[in-house]
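*Asks:* Each chain is listed here by its residues.
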Amino acid sequence: MSEPLLQAINLECERDERLLFQNLSFSILPGTVTRVEGPNGTGKTTLLRILAGLNDAWSGDLLWCGEPRSRQRESFLRNTLYLGHRPGIKPLLTPMENLRALMAGRRPVSDKLLSQALAGTGLAGFERVPCRNLSAGQQRRVALARLLIADEPLWLLDEVFTAIDASGVQAIEALLQQRAAEGGAVLVTTHHDLQLPGMNRITLGQGQNHEC
Amino acid sequence: MNAKVDAVLKPVETGVGPVQAMIAVFSRDVRVAFRQRQDLLNPLLFFVMVVTLFPLGVSPEVEFLRQSGAGILWVAALLSVLLSLDHLFRHDFDDGTLEQLVLQPQPLFLLVLAKTLAHWMLTGLPLVLLTPILGIMVHLEGNSIAILCLTLLIGTPVLSLIGAIGAALTLGLRSAGVLLSLLIIPLYIPVLIFGTGTVAAASEGAPVAGYLALMGAFLVLALTLAPFASAAALRISMSNS
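Quick mapping for you: the protein sequence lines, in order, are chains A and B. Heads up: the first sequence begins at 1 in UniProt numbering, then just goes up one per residue. Heads up: the second sequence begins at 1 in UniProt numbering, then just goes up one per residue.
Calculated from the structure, these hints are not laboratory results. Hints may contain errors.
Unchecked claim - Have a look at the derived ranges for each label pair, beta carbon to beta carbon: (1) E17/A x L44/B: 19 to 29 angstroms; (2) G177/B x P130/A: 21 to 31 angstroms; (3) L223/B x E67/A: 45 to 55 angstroms; (4) D94/B x S25/A: 29 to 39 angstroms; (5) H85/A x E61/B: 54 to 64 angstroms; (6) A124/A x T52/B: 47 to 57 angstroms; (7) E67/A x G216/B: 19 to 29 angstroms; (8) S25/A x L223/B: 36 to 46 angstroms; (9) I9/A x L182/B: 39 to 49 angstroms; (10) N133/A x P207/B: 53 to 63 angstroms; (11) N133/A x D39/B: 16 to 26 angstroms.
Said to hold, decoys possible - Rough simulated footprint, nothing fancy, chain B against chain A, three-plus residues with beta-carbon under 8 angstroms: (12) 70 to 81; (13) 151 to 161.
Built from N, CA and C at the ideal position, the CB exists for glycine as well.
Chain B extracted, bound-state conformation (with noise of 0.2 angstroms):
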C-alpha cells in the first residue's frame, strides 16, 4: 500500500468496537419504540383480544379451555409476534438508518441481532409478562402456566429471530405481508409443537425435561444462525432497492 494513501486512512482500530455499537443500535431501537407507544401496544392487544374471544367463540366450559388453552396462547402469541414483524425493518429502510446500519464496519449479523434482542424485548417478553394472567383466565392450573411461561420464554425470541430473516428478505417488496407469512409460518410450527407438546405433557404429569432441552436447542441454532441469514437477506433487499 502507498505510504500517501495510508496517512490518509484510519486505522479500523479507531472506531467503535461490535459490543458498543450493538448497544448503540438497542438503546435507539428501543427508544424510538418508546417514542410511539401505539405500535408497542398493537401486539399485545391483539393477544389479549383472541385469547379473550376464544372462550366467547368457541366454549366457555372450564374442561375444554383448561385443555386448549395452552395452545390458543401459543398461536395468539405468534401470530402477534408474526404481526409486528413488518416493523422490525421497514421503519429503518423507509428513513435510510439501515444503509447506515448496513455500512457500518462492525459485522452487520452483530447488528441484526442486536435488533433482532430489541425486537423480542418489546413485542415477544411483554406477551410473557401478561400470560400468568391470560392463563388463570383459560383456567389453567398454577403448574401448567408456569411451563406454560417457560416455554414462551424461550420460544418468542425463537420468533423474533426466525421472523427477522423473512422481514429482512420481504424488505423490498411493496406487500411483503402474505409473502412474509407464507414463508415463515412453516418455519414456526415446529415450535409450536413443542411449545404446546411441553404443556400438556407437563399437565398429565409427565416429565418436560427433554421437551424443555428441545426447545433450548430451537434456541441455541436460532440465536447462533438466524442473524447470519437475516444479515445476508438485508444486503440482498438493499442491492435491489
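Same shape as in the complex, but just chain A (with noise of 0.2 angstroms):
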C-alpha cells in the first residue's frame, strides 16, 4: 500500500445551522478515482471546497502526505488541481488568453501546448473567440483543457461533466482512467452514472443529516 496523498479524519462540517456530515474520515491514495456521492444539498461541493482549502469552515483532521496541511500550505497548493461550479473562464477575453491567465499562476507553459490542449477539447478554431460567444459547454471545455496540461498530481473536480456532451463525458473518463494510472489522484463529484474500474466511494448524505 502506498502513502495516502491527503487524509481526512473525522471531518465534520455545520452549514447554516445543519449538520452536513460528521465522522467522516478517508484517504485518496495515488492512483486512484475516488466519487464522492449523494443527493443535492448533501455537502459534496462543501466537502471539496473543503479539501480544496476554499472553505475553512471545518473541524477535525487533513493530513496532506501524512502532515497537517496548514503545516503543508505552499506543497499542498502546487500539488492539487480544484475545478469548481464556476469554472474561472472571463466570458471577455478568449480560451486562449484564459487558459493562458490559469496556467501562469500555477506553471509556466508555451503556447504551442496550450492550443494542443484547446484543440485537445474540441476548441480548435476558437481560440480567438471571446469567451462569452461560446457556448456553455465550450465555455466548461475551456475550463476543461487545464487537465490536458495540468502536472498537480490531486485533482479535485466539481460536478466535471455539466453540459459537457456523450463524446465530451467519454473523453473525460478516459482521461481520468488515464490520470489513476499515471498515479495521480481524482475526486470527482457527479451525477452522471460515473463507472470507472476500482473506483472509490464517499457517500454523504446516509441518514446521519439531522436538524441541530
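Build the complex from these two chains, which are given one at a time in their own frames, with help from the hints.
*Replies:* Structure follows, in C-alpha cells:
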C-alpha cells in the first residue's frame, strides 16, 4: 500500500445550522479515482471546497502526505488542482487568453502546448473568439483543457460533466482513468453515472443529516 | 514523508515565482478592463460631472471656486474611486477566477496587491491625469494645480488599497454598496483632510513638504499593510460563499 496523498480524519462540517457530515474519514491514494456521491444538498461541493482549502468552516484533521495540511500549504497548493462549479473563465477573454492566465499562476507553459490542449478539447478554431460567444459546454471545455496540461497529482473536480456532450463525457472518463494509471489521484463529484474499474466511493447524506 | 508520495509530488520550485504571477494577474485585469471600456469611463465621467456641476449648483464666482476647487476635486475623486470599488473583486468572484487566485501557490497578498495596482492604474491614475484640465476650470493657480496633482498621485493609490479591504470584506453580501461605503469612508477621511490641506497650504504660500511627507507615510502604510488585510478578508468571504 502506498501512502495517502490526502487524508481526512473525522471531518465535520455544519452549514446554516445544519450538520452536513460528521466523523467522515477517508484517504486519497495516488493512482485512484474517488467519486463523492449523494443527493443534492448533502455537502458534496462543500466537501470539495474544504479539501481544496477554500472553506475554513470545518473541524477534524486534514493530512497532506502525512502532515497537517496547514503546515504544508505551499506544497499542497502547488500539487492540487481544483475545478469548481464556476470554471474561472472570463467571458471577455478568448479561450487562449483564459487558459494562459489560468496556467500563468501555476507553471510555465508554452503557447504551443496551450493551443494543443484547446484543440484536444475540441476548441480548435475558437482560440480567438471571446468566451461569452461560446456555448456553456464550450466554456466548460476551456476549463477542462487545463486537465490536459495539468501536472498536479491531486485533482478535485466538482460536477465536471455538467453541460458536456456524450463524446466529451467519454473523453473525460478516459482521461481520469489514464490519470489514475499514471499515479495521479482524482476526486470527483458528479450526478452522472460514472463507472470506472477500481473506483472508490464516498457517500454523503446517509441518514446522518439531521436538524440540530 | 513516504518515498512513493514524494515521487508523485511536484516540488514547489517547479511552479511560477511570485513576481511572474503578479505580472500575469495585473496584465489579465488590464486586458479585461480594456475589453469593457464603458466600465473604465464610468468613474471618469462621474468625476468630470461632479466637478462641472458644482459651480452651476453653488456659485460660479472665481473667488469661491479658487478657494474650494481643490476640495471639490478631492471629494469627487474620492467618490469616484469608491464607485468603482465594487467591481474590484465582484466579477472575478462571480466567474470563479477568484477561487483559482486564492488557490495559487504564491502568497495571496502579493496577488491581491497586483490586482489593486491594476485597479489604481485603471481608475486612480486617469483621475490624476484629468485633474489639470478640471483644475483650470475651477480657476486654480498653476502652483496649486501641480500640488493638487501630486497629492492625488500619492492619495489615490491609498484609496484603492484601503478600498480593496472593504471590497474583499463585502464580497459575499448581496447588497454590498452601502456597507462598503460605511466601512471605507471613515478610513478615507484622513487622506482627504491631508490631501486638501496640502493644497490649501500651498495656495497660502506655506511650506508643504511636511504635508507631503505625511501623505507619503499614508501610502507606505497602506502599501505594506492593506494587501495582508485584503487577502485575509478574501479568504473569509471565500469561506462563507
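*Asks:* State the violated hints by number, sorted upward, taking the hints as numbered earlier in the document.
*Replies:* Violated hints (numbers, rising): 1, 3, 7; every other hint is consistent with the structure.
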